Amino acid sequence: MAAEFHNLQEMQHSALLVTKVFIQRDYSEGTVCRFQNKFPSELNNRIERTLLEETVKTLNSYYVEAEKIGGQSYLEGCLACATAYIVFLCMETRYEKVLKKISNYIQEQNEKIYAPRGLLLTDPIERGMRVLEVSVFEDRGSSGSTPSSSMSSCSSAR
Amino acid sequence: MSEIQHAAPDEPGRYSLICASPPSAGTEPPSGPAHRGRTPRRKWQVFPGRNRFYCDGRIMMARQTGVFYLTLVLILLTCGLFFTFDCPFLASHLTPAIPAVGAILFVFVMGMLFRASFSDPGVLPRATPDEAADLERQIDSGCSKPPPRTREVLINGQTVKLKYCFTCKIFRPPRASHCSLCDNCVERFDHHCPWVGNCVGRRNYRFFYLFILSLSFLTIFIFAFVITHVILRSNRTGFLSALKDSPASVLEVVVCFFSVWSIVGLSGFHTYLISSNQTTNEDIKGTWSTKRGKENYNPYSYGNILTNCCAAVCGPLPPSLIDRRGLIRADTPQTVSQSNETGGGGGGGGGGGGGYASTQLHSHMCDQDQCIQSTKFVLHAAATPLLHSDPVVLAPLPGKTTTVGGPCPYLSPAQPSLPSCAGDVLTLRDAAADSHCHHHLHLHHHHHHHFVSPEETPCGTPQGALPCPAHLHLQAPPLPYDPVTQDALHEDSVRGLVKLSSV
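Listed in order, the protein sequences are those of chains A and B.
Residue 105 in this note's numbering sits at position 105 of the first sequence, with consecutive numbering throughout.
Heads up: take any position in the second sequence, counting from 1, add 1000, and you land on this note's numbering.
Some hints here could point you the wrong way.
Claimed, not checked - Dumping the calculated BS3-like pairs for lysine-lysine here, alpha-carbon to alpha-carbon at most 30 Å:
id, chain 1, residue 1, chain 2, residue 2
1, A, LYS57, A, LYS97
2, B, LYS1163, A, LYS38
3, B, LYS1161, A, LYS57
4, A, LYS38, A, LYS100
5, A, LYS68, B, LYS1244
6, A, LYS38, B, LYS1161
7, A, LYS57, A, LYS100
Honestly, the hints are just simulated from the structure, not real lab data.
Note that the coordinates shown come from a computational prediction; the quantities given were computed from them, not determined experimentally.
Given only the sequences and the hints, what does the whole structure look like? Please build it.
Right under this line is the structure:
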């Protein structure tokens, strides 16, 4: 029943967006960027629990690395302060480097794991770090599939 | 209005005749991609908050910048006078290191001021329509009425309440706050500083702090050396003639004297805040004060003054979440205020990309549709009685707003001023527009149309009653009305006009 797509391009061309599932932020450790590891029920029959949890765990660890306060970040901060932050015109901050890594990781995960199952992860930075958005697709061929109960207002109800 | 007669209901293409001239001034076309042939627009141009952008989105400030210019003038004037009148004397009679140190301090102060004023303080972008809908669903799925608009979270053993922001349609992260002057939610919101012309938040707090710290040093430095200059001169030529020889010194002393108290005091206050890892907001409200309870403590503090200071000044600098200079792409989802979105640009490949087959997106906001829409509402208003027992759908927002153009006066001629719904959930306006009647629209996107407003609004809730008389009953097909879905709008308008033409 779940659509099988072989790559992202195929999915984009032949798929219909059914719904979006949002994984919210977990603030139990303060303002550090962290996503809840609660498995959303809408994805129960789309993907194995462990795979999604693994992805979220890895993402969380990347964010921890980006926001870590330690030797390297102090050095970077002091150097920047001493040069009146001009150094950031030439150099990328550590946070930005980690964000690039995250972006590559999500792309890779989408290609290997999520697209074949008809899902698509959106990089949280594109949603203001509020949510991790999982788009659920259905094959256009299997039309007449009723949207799931967690419909958002605007999709195929037209 | 005679143009309407030209519309042939069975030929959708002919509706364009209605709009021979563009709609009335004030409606700026929103996000770009619908306009063929125009250069792609950048996201800052459709940013929903009340900010000003310069240099093609590189510089971001608050709307009121008058006091910032005053700050600039004061600093430049005082330093200019110091370097012109006092430094030559001091350099020759004492040491040239004085103007050198002064220059370094001055450059540092200006650098920090510009950084604090021009950078994004940590604005949280507003929720996309899908997210907002999902949150609404979660909030309303509980049985309690009114629906809870706060969430509680346990952080390091302290219970923290997360509030729902009606403007941005998100649950604010801890320590974030909505700035009413800039109309944005800002992360780790400290305060809105008019002197700097911007909010002070997570991303520019260190610049602000370094600015006031270095400015205190500069003020004290100038104060001290101007006094030294006057004393040295008066040793040689007498006090009064010393003052006559360098009149600028008097002005400098006066400015510095008054500044010292305020700036040094402010630096001291912020040093205390940094060392205890609190924001001005929290300190003023006494959020973590032990007066509230013995067990009340600050869960964000690292426990150690030095760590707190280092984290605040030397910690990692997060990037801006609003992609100001990104280009608006056709597939970029718009936020609920039909504006800015994060990401874009070079963002994640599989991310916001072509995956959106969904219908929610803008891109039909052309003048033609607006015109049709407004015409339809006007005519409908004339045709149907104002008070109706059936549930209402929505009220058009007046005048200058970008999407729904139905003018308020038509709908409630006897009503001089409409009640303002404090709940303000959805305001369709672009960055520059201000609605006359602060008529806000709450969108309840479930299948039926009824006006649900948050508890604070005077507009009330009950289905069937018409609290705000300007609401229209639309005999529209039972579509979930999402003003962002312009396709539905177009369909409605087509049907509306068909109906009218048959009268």
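Hint by hint, here is what the structure shows:
1. A:LYS57 to A:LYS97: The hint holds at about 19 Å.
2. B:LYS1163 to A:LYS38: Answer holds: B:LYS1163 to A:LYS38 is near 21 Å, not above 30 Å.
3. B:LYS1161 to A:LYS57: 25 Å, holds
4. A:LYS38 to A:LYS100: 25 Å, holds
5. A:LYS68 to B:LYS1244: Not satisfied, since the Cα-Cα distance of roughly 58 Å exceeds 30 Å.
6. A:LYS38 to B:LYS1161: Cα-Cα ~20 Å, so holds.
7. A:LYS57 to A:LYS100: At roughly 17 Å apart (the allowed maximum being 30 Å), A:LYS100 and A:LYS57 satisfy the hint.
Violated hint for the displayed structure: number 5, the only one.
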